[in-house]
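Produce the entire structure from the sequences given, and follow the hints as far as they go.
Protein chains: 2
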Amino acid sequence: MDPIINAVLKPKSIAIIGASTKPNKIGFKVVENLKNCGYTGPVYPINPDAEEILGYKCYPNIKDVPYVVDMAVVTVPAQVVPTITREAGEKGVKGLSIITSGFSEVGDHALEEEVVKIAREYGMRIIGPNIIGVLSNSDKMNASFTNFLPLEGKAALVSQSGALLIAMDAATYTRRVGFDKMISIGNQADLDFADLIAYLNEDENTTCITLYIEGIKDGPRFMQEARKCTKPIIALKAGSSAHGAAAAASHTGSLAGSAKVYEAAFEQAGVAQALDLNDMFDTTLALSLQPTMKGDNLLIVTNGGGVGVLATDAAEKYGLPLKFAPEDVQAELRKHMPSFGSAKNPVDITGQAGLEGYYEGVKYAYAHPWVDGVVVLYCETSVTNPQEIAEAIYNALQESGASGKPVAVSLIGGDRCETAMKWLIERDIPTYNAPDLAVKAMASLRKQNEMLKTAHNGLYKPDDVDSEKARQIIAGARAKGRNALTEVEAKHVFKAYGLPVAPTDLAHNEDEAVKLAEQIGYPVVMKIVSPDILHKSDAGAVKVNIKNEQGVRDAWKLILENSLAYKADAEIDGVAIQEMAPWATEVIVGSVNDATFGPTLMFGLGGIFVEVMKDVTFKVAPIDEATALDMQSEIKSSKILQGVRGELPRDQKALAKVLAHYSYMIYDLQDEIAESDANPVIVYEDGQGVSVVDARIILTKK
Amino acid sequence: MDPIINAVLKPKSIAIIGASTKPNKIGFKVVENLKNCGYTGPVYPINPDAEEILGYKCYPNIKDVPYVVDMAVVTVPAQVVPTITREAGEKGVKGLSIITSGFSEVGDHALEEEVVKIAREYGMRIIGPNIIGVLSNSDKMNASFTNFLPLEGKAALVSQSGALLIAMDAATYTRRVGFDKMISIGNQADLDFADLIAYLNEDENTTCITLYIEGIKDGPRFMQEARKCTKPIIALKAGSSAHGAAAAASHTGSLAGSAKVYEAAFEQAGVAQALDLNDMFDTTLALSLQPTMKGDNLLIVTNGGGVGVLATDAAEKYGLPLKFAPEDVQAELRKHMPSFGSAKNPVDITGQAGLEGYYEGVKYAYAHPWVDGVVVLYCETSVTNPQEIAEAIYNALQESGASGKPVAVSLIGGDRCETAMKWLIERDIPTYNAPDLAVKAMASLRKQNEMLKTAHNGLYKPDDVDSEKARQIIAGARAKGRNALTEVEAKHVFKAYGLPVAPTDLAHNEDEAVKLAEQIGYPVVMKIVSPDILHKSDAGAVKVNIKNEQGVRDAWKLILENSLAYKADAEIDGVAIQEMAPWATEVIVGSVNDATFGPTLMFGLGGIFVEVMKDVTFKVAPIDEATALDMQSEIKSSKILQGVRGELPRDQKALAKVLAHYSYMIYDLQDEIAESDANPVIVYEDGQGVSVVDARIILTKK
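Same order as they appear, the protein sequences are chains Y and W.
Residue numbering for the first sequence follows our numbering, beginning at 1 and increasing consecutively.
Residue numbering for the second sequence follows our numbering, beginning at 1 and increasing consecutively.
A couple of the hints might just be wrong.
For identical chains, the list gives no copy identity; a pair is met inside one copy or between any two copies.
Stated by the list, open to error - Once the Cα atoms are required to be at most 16 Å apart in a straight line, the calculated EDC-like pairs of lysine to aspartate or glutamate come out as: (1) Lys639 to Glu685; (2) Lys543 to Asp694; (3) Lys323 to Glu51; (4) Lys260 to Glu316.
These are computed hints drawn from the structure, not numbers from a lab.
Since the structure is predicted, the reported quantities are computational estimates derived from the model, not experimental observations.
Spelled out as structure tokens, the structure:
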């Protein structure tokens with residue numbers, strides 16, 4: 001754990017620079033909140049015009065404080081912040097929590113950078129600026145201007161919206177989702193989401209990290225820290241619609257839109273994405289209180305057939321479909337229910353079920369080795385008391401002799417259910433007011449388990465690549481003043497990264513064309529290679545299925561004739577001679593440099609699937625072959641790769657290798673490649689491999 | 001309004017047959033609940049062994065009551081119900097509410113049918129059996145065994161699950177969603193969802209009808225009554241996953257699954273489908289309190305940028321994307337916010353916004369003619385009081401001078417927000433605890449407006465059909481003992497319903513084949529017509545692109561030879577001679593008889609789109625041409641019909657006509673056609689029409 005960051009977030013002493021005697025000022029509020037919420041360390045208000053504030057002795061300047069100061073909360077106007085930052089540095093303060101606004105969020109990047117630069121000189125870290133402050137229950141520290149600490153709990157919230165943090169702080173009580181810490185992150189001038197994930201991963205009072213994100217500054221570092229993190233991370237990403245609208249210029253770019261890339265990055269890094277504010281609370285409740293679900297066997301115990309059906313629907317919807325329990329489990333469960341109940345799954349102990357039914361049913365179900373997780377549903381009835389049912393459920397779990405499996409409860413009813421829900425949550429059992437929410441919570445615990453398994457620590461790097469050769473080809477093109485590679489150049493770059501490019505070579509004259517065609521073997525394809533002719537087919541400068549020498553010679557003349565007719569002054573490098581790949585399933589592999597996450601791989605089936613159906617999937621590069629296989633099953637048209645209408649499956653393994661190598665190429669060459677695609681890539685039957693037929697690389701501007 | 005049903009649901013006097021003196025008996029509970037909840041009409045407990053119950057005089061038998069009895073609640077054991085039904089009939093009781101269980105839900109259909117039969121003899125109506133009872137706030141009537149009436153409100157709940165009704169009754173108080181009536185519908189032995197929709201549509205205390213549905217008995221009648229209903233209807237359909245698994249046998253049937261058909265039927269009948277229990281409550285709150293939204297212009301007013309972004313995301317997600325307000329609206333709004341606020345949409349009046357900001361902003365926004373609906377968001381802050389904000393919002397709406405537009409509010413925060421939410425809801429303003437929920441509510445009010453426009457009262461019926469001819473063809477096939485039509489017969493049936501069938505006639509010998517080919521015009525297609533050869537291509541019994549007489553003669557011989565090689569004893573009707581339709585976009589039109597809703601139309605694009613992507617859509621038949629156009633835009637591949645890659649749009653109007661006529665055919669012949677398809681149907685460029693190339697009809701078993 002970084003001791004400096006720890007001093008900022010768990011300070012042993014706090015100064016308030018800009019402390020005020022006026023109760024309506026933030027500089028007063030912070031002092032008041034520290035006092036009222038029970039902060040036990042020394043508090044040093046800095047104010048040249050006051051003797052004391054709320055009993056704390058004031059100092060005219062931070063440098064006048066005769067004791068060690070771990071952290072200073074800053075509430076002075078923006079223009080003064082550089083000065084006080086230097087003073088704090090000179091004093092030896094470890095870090096600043098800058099509440100003050102008026103920096104990059106209103107366009108003043110220079111001022112913000114100046115403050116960070118000064119802090120760096122003194123080894124200080126900054127949280128903010130433009131924040132509410134930092135709150136921590138375990139330290140009884142409310143170093144913010146919102147009035148109270150959140151409901152006690154085990155989650156930590158990091159919020160990029162101050163207004164939302166204040167509202168959520170209050171809402172923790174009504175929604176009964178407890179947090180140990182709430183950290184307002186503001187402009188992330190220094191400490192960002194990645195730093196806080198790393199810190200909270202080692203914080204003993206945090207079991208789950210919840211993020212409200214509007215934008216990440218350094219995507220790769222965020223992913224790196226999230227992957228290292230052993231605690232569940234939940235992210236609510238705002239702004240998916242706005243980003244979706246900002247269509248990029250290039251073909252593949254227009255399909256990306258960074259909302260999709262955020263989604264991919266979260267999944268790859270093992271971060272659970274919340275769908276909305278309530279989902280963020282609901283998921284936090286489950287992930288902060290319960291262990292992950294290690295298998296697929298969810299058992300639902302209910303006293304109502306209707307809510308049982310709703311829960312069954314939800315299980316399918318959230319990807320955790322129910323299976324019938326084995327006969328021995330059913331037989332035991334039947335002992336604790338009326339004859340018209342059902343021991344299948346959901347286990348319906350019927351509306352007549354009382355305390356004994358819930359106790360015995362839940363106890364047996366939770367303890368049985370077949371069961372990986374339990375959802376308990378209760379509909380309020382006229383003859384049962386929700387609190388007693390809650391206690392029966394709790395006791396059953398406690399006395400089951402089992403542990404380490406997740407459980408979620410739903411109590412559906414009125415005030416008495418609300419009280420019982422609170423009671424269960426206080427005992428670390430996530431409890432919801434609707435059956436689908438309990439099932440969804442369990443699905444998130446199941447998904448968490450799967451994500452933690454696949455979120456890799458190391459980045460994929462294949463052995464069989466020749467980066468040097470690729471960089472030479474690119475340097476050659478740049479030397480000629482070009483910002484795009486020719487098809488032949490691009491194919492050689494692909495080849496240097498181990499991609500199975502359809503054999504293609506550049507002929508500079510007719511005789512060389514014949515020679516190359518003989519080497520490659522007939523039939524061949526011939527295409528013009530010219531930086532001035534990008535749409536080769538439109539120019540009549542592509543000829544396919546050429547079968548012999550005479551064909552090559554005829555094609556040579558026709559292609560040059562058509563090319564010059566298309567653009568009389570075109571610069572012509574020659575004609576590409578390429579093996580004619582037999583037709584099979586066409587796919588498109590492409591890349592785009594996402595503004596946040598960098599080189600990102602796109603994959604989809606060729607033709608209308610990408611162009612019309614937008615049936616594409618993205619992954620932040622690089623990815624390994626296992627993830628590349630996942631990618632193939634993520635598209636809606638994945639069944640075509642698996643073989644349809646009696647066709648054999650396509651060579652998905654070879655395609656996975658191509659995707660992984662391609663992803664490494666765009667990652668490794670991210671300073672050189674702005675966008676690229678391999679379109680089409682032909683995928684043959686299983687075992688027959690893959691052939692990259694066309695290649696395109698646009699270079700970064702330098 | 002049906003006076004008998006009215007007497008059952010709003011009885012002026014109530015008998016309880018099976019009334020008990022024992023407090024733990026349902027027969028006691030109902031009497032107690034009627035008394036405690038304030039029912040003012042006469043109550044007659046029927047019990048031969050008691051003098052009085054809770055102050056009400058008892059009678060030994062219903063026939064002994066010397067006064068008029070509108071409705072009798074029945075709590076006696078199932079086996080006795082037929083007897084007491086007859087006695088009630090003889091007494092002149094108008095209807096029974098049969099709480100007793102033990103009928104069709106445990107398999108005893110005969111007993112249930114007997115009771116209904118007796119009731120019919122006397123003109124009585126029945127609600128139940130197997131129910132909780134009926135509750136009505138406006139009548140202070142709790143004729144049920146759940147303890148209290150729901151929170152007062154304007155919605156009516158009809159629930160097929162008794163347990164859920166009891167739980168929801170209690171939950172109305174904690175979720176603040178008010179209901180005037182709660183009706184437990186049980187086995188629907190007599191009164192069903194359709195009857196209750198018709199009744200509640202005329203009930204002056206109901207503004208919105210909420211249904212919890214496990215199964216509908218008569219789909220077409222449900223749709224008919226829902227279409228007639230002028231009030232919003234919300235349905236939560238349980239069991240979508242189970243039904244999805246029950247794959248039907250036929251090709252199109254396997255794609256249906258009645259969950260999809262339920263979804264289509266709800267949409268066609270103008271019923272809003274709730275996604276889950278909370279969505280049902282949330283949508284009921286909006287639709288029971290607010291007018292529908294007449295246009296697309298939603299304006300969002302917020303004090304927090306973060307929740308504004310979340311609301312913007314939600315608006316796009318729920319199909320009501322935000323537009324910027326016109327400049328004059330923005331200019332006026334800017335007057336009521338700090339300089340760093342935003343008058344765009346969402347209108348961000350900033351965290352500094354107080355009462356004046358909300359009052360002026362909401363008042364102006366709501367009154368402006370450009371605005372069709374307003375969502376107001378509030379994040380709890382340290383310097384504002386949620387209750388005062390709520391009052392400012394309410395007063396702004398009251399004093400705006402405008403009305404008839406919907407509004408929804410979201411207050412995000414703690415206890416004080418909860419109290420303010422309650423206050424607003426009591427004033428008919430739907431208020432939620434998350435920004436996306438307020439936007440979703442508004443989207444449901446928008447959708448309601450659109451659905452009410454398109455849910456037709458009359459059923460579509462085209463003029464140009466010859467049902468008689470179609471029935472003759474079918475009768476002919478049945479006379480030969482067949483349960484499937486040949487392709488030529490099916491095409492003649494299609495033609496009788498005005499479908500543009502590719503000209504096809506049956507040749508019985510080689511010379512006739514030549515004659516028909518000359519009439520139709522070359523090129524032609526020839527196919528075997530045999531009830532024994534269904535997979536014609538596999539048998540080598542289809543020849544395409546036949547260009548002249550010699551070709552016809554060669555094909556004739558080859559087809560017969562191949563057919564007999566395929567099945568030596570095949571019964572052969574002849575060879576179909578068909579116009580060779582030029583290739584264009586292939587679509588599939590098909591039908592399936594849904595168990596609940598009857599003949600249902602399926603539509604999708606041909607080939608992999610239906611077979612691999614399952615990209616199909618369903619409508620309950622018949623549909624008109626406008627709905628048929630909607631259907632074409634509902635599939636994911638709809639862009640292909642609109643013209644892609646520089647192609648002209650397909651003839652969507654002609655296709656709509658085909659879909660509408662096809663839907664009428666399967667509706668009109670539902671007693672004859674079990675399943676059918678037109679596969680493929682070729683759709684040409686706009687204005688060039690459509691051609692049905694192949695036809696298949698399987699008959700119902702008779």
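(request) Return the numbers of the hints above that this structure violates; sort them in rising order. (result) Failing hint: just 3.
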